[in-house]
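Going down the list, the protein sequences come from chains X and C. Read in the UniProt record's numbering, the first sequence has 332 at position 332, and its numbers run on one by one without any break. Read in the UniProt record's numbering, the second sequence has 407 at position 407, and its numbers run on one by one without any break.
One should not assume that every hint holds.
Since the list gives no way to pick one copy over another, a pair counts as held whenever it fits inside one copy or between any two copies.
[As the list claims (entries may be wrong)] Lysine to aspartate or glutamate pairs mimicking EDC-like chemistry, simulated, CA-CA at most 20 Å apart:
1) Lys419 / Asp104
2) Lys238 / Glu6
3) Lys452 / Asp181
4) Lys88 / Glu464
5) Lys238 / Glu105
6) Lys419 / Asp25
By construction, these hints were calculated from the structure, which means they are not laboratory data.
There are 2 protein chains.
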Amino acid sequence: MSHYAEFLSAAADCLGSKGFTRDADVMEPWLTDWRGRFTGKALGMASPASVEEVSAFVRLCADYDIPIVPQGGNSGMSGGATPDRSGKAIILSLRRMNAITRFDEQAREVTCQAGVILQTLHEAAEEKQLRFPLTLGGKGSATIGGLISTNAGGTQVLRHGSMRAQVLGLQAVLADGSVFDTLTPLKKDNRGFDLKQLLIGSEGTLGIVTAATLRLIPAVADRAVLWAGVASILDARKLFLHANKVAGEALEGFEVLPRHSLEAVLDYAPEARAPLQDNHEWHCLIELTADAATAERLQDLAMNLLETAFEEGLVEDATIAANETQAEDFWAIREDISPAERAIGPAVQHDISVPVSKMAAFVAEAVPLVEKRYPGTVGVAFGHLGDGNVHYHVLAPQGAEPGAWERTKGKEISAFVYKLVTDWGGSISAEHGIGQLKIHELDHLADPVSLKMMRAVKQALDPEQHLNPGKLVWLADKG
Amino acid sequence: MSHYAEFLSAAADCLGSKGFTRDADVMEPWLTDWRGRFTGKALGMASPASVEEVSAFVRLCADYDIPIVPQGGNSGMSGGATPDRSGKAIILSLRRMNAITRFDEQAREVTCQAGVILQTLHEAAEEKQLRFPLTLGGKGSATIGGLISTNAGGTQVLRHGSMRAQVLGLQAVLADGSVFDTLTPLKKDNRGFDLKQLLIGSEGTLGIVTAATLRLIPAVADRAVLWAGVASILDARKLFLHANKVAGEALEGFEVLPRHSLEAVLDYAPEARAPLQDNHEWHCLIELTADAATAERLQDLAMNLLETAFEEGLVEDATIAANETQAEDFWAIREDISPAERAIGPAVQHDISVPVSKMAAFVAEAVPLVEKRYPGTVGVAFGHLGDGNVHYHVLAPQGAEPGAWERTKGKEISAFVYKLVTDWGGSISAEHGIGQLKIHELDHLADPVSLKMMRAVKQALDPEQHLNPGKLVWLADKG
Chain X
1 MSHYAEFLSA
11 AADCLGSKGF
21 TRDADVMEPW
31 LTDWRGRFTG
41 KALGMASPAS
51 VEEVSAFVRL
61 CADYDIPIVP
71 QGGNSGMSGG
81 ATPDRSGKAI
91 ILSLRRMNAI
101 TRFDEQAREV
111 TCQAGVILQT
121 LHEAAEEKQL
131 RFPLTLGGKG
141 SATIGGLIST
151 NAGGTQVLRH
161 GSMRAQVLGL
171 QAVLADGSVF
181 DTLTPLKKDN
191 RGFDLKQLLI
201 GSEGTLGIVT
211 AATLRLIPAV
221 ADRAVLWAGV
231 ASILDARKLF
241 LHANKVAGEA
251 LEGFEVLPRH
261 SLEAVLDYAP
271 EARAPLQDNH
281 EWHCLIELTA
291 DAATAERLQD
301 LAMNLLETAF
311 EEGLVEDATI
321 AANETQAEDF
331 WAIREDISPA
341 ERAIGPAVQH
351 DISVPVSKMA
361 AFVAEAVPLV
371 EKRYPGTVGV
381 AFGHLGDGNV
391 HYHVLAPQGA
401 EPGAWERTKG
411 KEISAFVYKL
421 VTDWGGSISA
431 EHGIGQLKIH
441 ELDHLADPVS
451 LKMMRAVKQA
461 LDPEQHLNPG
471 KLVWLADKG
Chain C
1 MSHYAEFLSA
11 AADCLGSKGF
21 TRDADVMEPW
31 LTDWRGRFTG
41 KALGMASPAS
51 VEEVSAFVRL
61 CADYDIPIVP
71 QGGNSGMSGG
81 ATPDRSGKAI
91 ILSLRRMNAI
101 TRFDEQAREV
111 TCQAGVILQT
121 LHEAAEEKQL
131 RFPLTLGGKG
141 SATIGGLIST
151 NAGGTQVLRH
161 GSMRAQVLGL
171 QAVLADGSVF
181 DTLTPLKKDN
191 RGFDLKQLLI
201 GSEGTLGIVT
211 AATLRLIPAV
221 ADRAVLWAGV
231 ASILDARKLF
241 LHANKVAGEA
251 LEGFEVLPRH
261 SLEAVLDYAP
271 EARAPLQDNH
281 EWHCLIELTA
291 DAATAERLQD
301 LAMNLLETAF
311 EEGLVEDATI
321 AANETQAEDF
331 WAIREDISPA
341 ERAIGPAVQH
351 DISVPVSKMA
361 AFVAEAVPLV
371 EKRYPGTVGV
381 AFGHLGDGNV
391 HYHVLAPQGA
401 EPGAWERTKG
411 KEISAFVYKL
421 VTDWGGSISA
431 EHGIGQLKIH
441 ELDHLADPVS
451 LKMMRAVKQA
461 LDPEQHLNPG
471 KLVWLADKG
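Just chain X, same shape as in the assembly (with noise of 0.2 Å):
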């Protein structure tokens, strides 16, 4: 038998018939990632149903020198989970493994394989009054095991923090298959170095996370969103420190978006309907949250960061929303932007960041600058103020062609964006990670001490390049 046969045959005998496939037809939906930017070829896919079965596949596939692309709701934005062309990896899915395994209510922590899909979370922790405090677009497909991979953020990132901060413990199989295991948390545990940190994050690229064990928070008593009107993007800066300053640890959410972004919406969103009267240049959105135990005085709290903010001029116009109907409609508008914004025409979009204190000076000052390059093009800039992380949109000059335009003109404008965001000491990948959309990007723009640390990291971990090679970072010889 020839050393792949050998291997397809061990891989069947290790996983079961529910546990291994190679019928292109249930491969070919995790062949290409939900974008359309990226399609491989995988040598078959791999289903385990339990971490002993992931740790034993893994040693198989270390053996023959087989590489591994995991992956779980295959919703990430940088291809890190599609395999490459080559055909000679295995898709390693954790859907399977999708039980919550344990949830104390008391200590407010719930263990989660890696396929739960967070959604199911959501639900979990509402039906004990709790919350996990982390929710994105692909709530109805991502998974526990690929929020954790990808350290996602979303819109509550500013008050409860990204991913990384959720993880209280983390179990995850190693290139040579054994098992890391702190699923039992410590809150406090120095006996070294912070190898969960390490994981998580790390794209498949150290280890694969099988399951976790994550925190939850009491549930939202009650809440209050607000709409403000405001000229510039520096007065919205202004805005979100006064509500900071007020609102304090209520403050929960703050989104900014321009007037451009607005009318996409309203234009592609036939429900959709514009919160306040008159036309503004920049839009805020903010959210104020209490648990049971704050939830008397938010409305108050609310009123008063709004008649505060008028009576130092802070804002043109604003309202609250008169109930959770309303409210929802305007979360709603803030999370149309991108199909509204896509459906005008070709674009380049860039998830970037920079720091908090400077992101205003950046939309105002940088942004132009590549309009003023690519004649033609609009800047649209929107999103997590509060954390400095921008979705920075660049529309493509009418008439241009689809597709074409963003291989050509849309990558040169892409490079100068993120040449522009390192010279302002910000990120490429604010939240969506590097895959293989940004491999080239970050090997040229990131910090050459950072990234030799990384390599070292990769090399000490997984020397062989066994866990999902091309994704994040090369090693140097093969960069």
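Assemble chain C onto chain X, guided by the hints.
For chain C alone, kept in the frame of chain X given last:
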């Protein structure tokens, strides 16, 4: 010139007379850790004045194969900053680098060089109505660099997290002299591995912390300090859960102490007064705090907590400090426990943690096992119930010989305690780190997978073992 003579001459050239000494009197205080457990020798002591000097000096040490022991305030608890007895290592003191280089009130960020003393940072923050939310007994000597390298804890971890959670950006010199620099913090940055967290808590074995950007929070506008007597540690746990529920994010500290510790303090500190009239087996010290945004309701919240705790039969007796003086007095009792227990006679101390939900059971069940196995000893457990962190002292039987008892019987007892805590899924070092004090224990008791990962990472980033050798983790071939 000999190898060493050449190195010493180059070192003096590199750092100048202020920056390099071999004077025995000058070095003497820095060769013994402050608890007097470890004394070493050094080839010399370097005191660079800038990150450039640290970098150049580390490169020089690499060239001459000279090991480096980084040192801050020399107030660590595990001998992590004390050189070994070979006299071949250089102490690298960061104390001259003691400037606060940037203070951004609006962004609530401060950038400090490694040698800034914690107390100095507290005062700088207070001047601007802000607060650095980590404090501990050694604040008058502990430096930011040392606190970061040991991931220091303290009494505010419950709400604000350990040092790890305070560091927004980091600068460190690596083994080859290159400078890792993320001092300009990005709230969101998904460009690969979390190198910052890898360096934090690595006890100078992966890099030498030279500066950091730290988060600040609004100053405390009001606080309420409560003292409660309860019948058992299990009741203390119930009260903790209740306090958590009622006070939510206002709950900043929850400490427990047994009757033995209170009585020891009353004997030891002439000015100490018992907060409650009757005797109780266990005592809880609870602190609620609020910033300006939430101060208005804090005293009501504290009163509500107290009343409902009485109603639900959670306390035998309880009181709220009537004023700041009384609040300070309550905390003084907590802070005097260690010296008071030490004054009784020989003892071995353990800084251990178990899962938060198991701490009460551990103290109730596991701790008496030690007294039973070692007749005449008295076990005293106190500390951070909300963090699962127990300071666990075992007092020698009456008449035991100081010094000799700790070295013989005490050592045996500690081994038993560490085995016990490991069996409970806990940590042999909750907040004090490993250093040279527990390197043997970690080598024996750590999860083999974690240990293997740590060795691989150490090998990758400091292959010649120049950075703080003999601390935290040995490489396999030296262990």
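The hints, checked one at a time:
no. : hint            : in the structure
1   : Lys419 / Asp104 : neither (47 Å within a copy, 26 Å between copies)
2   : Lys238 / Glu6   : neither (65 Å within a copy, 58 Å between copies)
3   : Lys452 / Asp181 : between (27 Å within a copy, 13 Å between copies)
4   : Lys88 / Glu464  : within (14 Å within a copy, 37 Å between copies)
5   : Lys238 / Glu105 : between (39 Å within a copy, 14 Å between copies)
6   : Lys419 / Asp25  : neither (41 Å within a copy, 53 Å between copies)
Hint compliance for this structure: hints 1, 2 and 6 are broken, all remaining hints hold.
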